[in-house]
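Given the sequences, and given the hints that come with them, work out the whole structure.
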Amino acid sequence: MNLIKPVLLAAVALAAAGCDELLDKQNKGVDRFVDSKDLSQLRAGIWVDPNGCDHWIIDDGIEGYLSQRLDRYGKPVCSGVAPPNTAVGPFNKGTPIPDPI
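Residue numbers (numbering that gives the first Met the number 0): 0 to 100.
Hints are computed from structural coordinates only; laboratory data are not their basis.
Cβ pair distances, simulated, as ranges:
| no. | residue 1 | residue 2 | range |
| --- | --- | --- | --- |
| 1 | L65 | Q25 | 14 to 22 Å |
| 2 | P82 | Q25 | 32 to 40 Å |
| 3 | D70 | R42 | 16 to 24 Å |
| 4 | R71 | G51 | 14 to 22 Å |
| 5 | Y72 | G51 | 12 to 20 Å |
| 6 | T85 | Q25 | 30 to 38 Å |
| 7 | D37 | G79 | 26 to 34 Å |
| 8 | G51 | P89 | 18 to 26 Å |
| 9 | L69 | Q25 | 20 to 28 Å |
| 10 | K36 | G79 | 29 to 37 Å |
Please read all numbers here as calculations on a predicted model, not as lab measurements.
Beta carbons are placed, not taken as given, at the ideal position from N, Cα and C, and that holds for glycine.
Written out as structure tokens, the structure is:
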């Protein structure tokens, strides 16, 4: 009789751990906000960091996405497309939601 409670607690803990694993497997390529869509439908620009290296940037109104621009060998691309700390391109043209800032 006293063994039932620990077994039930262990089963609940295992089930909760399984739920966390399922949440981690969400499709990260989809915007899940008000105007949800596949990220490939958004327009990207380039932000140049203080070191002069490029990052892909997307501004979806309230949300934003940033990823370092890498060459085929996984090394940073530092193309000099713009001065450091500058964003160029249509990075905020993929949504009708205005940027509050």
